[in-house]
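Enquirer: Produce the complete structure using the sequences and hints provided.
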Amino acid sequence: MCARYLGASKELYLKVPTADLEELNEQVPDEVALGVTYDEIDDFLEGKVISEGSEAKILNRYKKTMFKRRPHLSFCCN
9 MCARYLGASK
19 ELYLKVPTAD
29 LEELNEQVPD
39 EVALGVTYDE
49 IDDFLEGKVI
59 SEGSEAKILN
69 RYKKTMFKRR
79 PHLSFCCN
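Under the working numbering, think of the first position of the sequence shown as 9, with each following residue one higher.
Please note: incorrect hints may appear among the correct ones.
[Said to hold, decoys possible] Mimicking EDC-like on lysine to aspartate or glutamate, the simulated pairs with C-alpha atoms at most 16 Å apart in a straight line are: (1) 23 - 38; (2) 65 - 50; (3) 23 - 39.
In case anyone wonders, no lab produced these hints; they're calculated from the structure.
Expert: The following block contains the structure:
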């Protein structure tokens, strides 16, 4: 559901998304930091054709963050 529809203020639903915890430079828009737009990411995930450069950036990011999708090993001593 859209934040606007739910009555959120304009400042919230028009704000450019940033992931300040991941960047050394504050307030860098996500699309700038990633090098691809959210529309390109959506198209890629939907199996639509996007530019080779954008596809390479998405796949590279996926490979670099593979460790985040692996289960954690926990050691237990009994």
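Enquirer: Going straight from one Cα to the other, do residue 65 and residue 50 come out at no more than 16 Å?
Expert: Holds, at roughly 14 Å.
Enquirer: Next pair to validate is residue 23 with residue 38; report whether the Cα-Cα distance is within 16 Å.
Expert: holds, 11 Å
Enquirer: Between the alpha carbons of residue 23 and residue 39, is the straight-line distance 16 Å or under?
Expert: Roughly 13 Å between the alpha carbons, so the hint for residue 23 and residue 39 holds.
Checked against the numbered hints given earlier, this structure breaks none of them.
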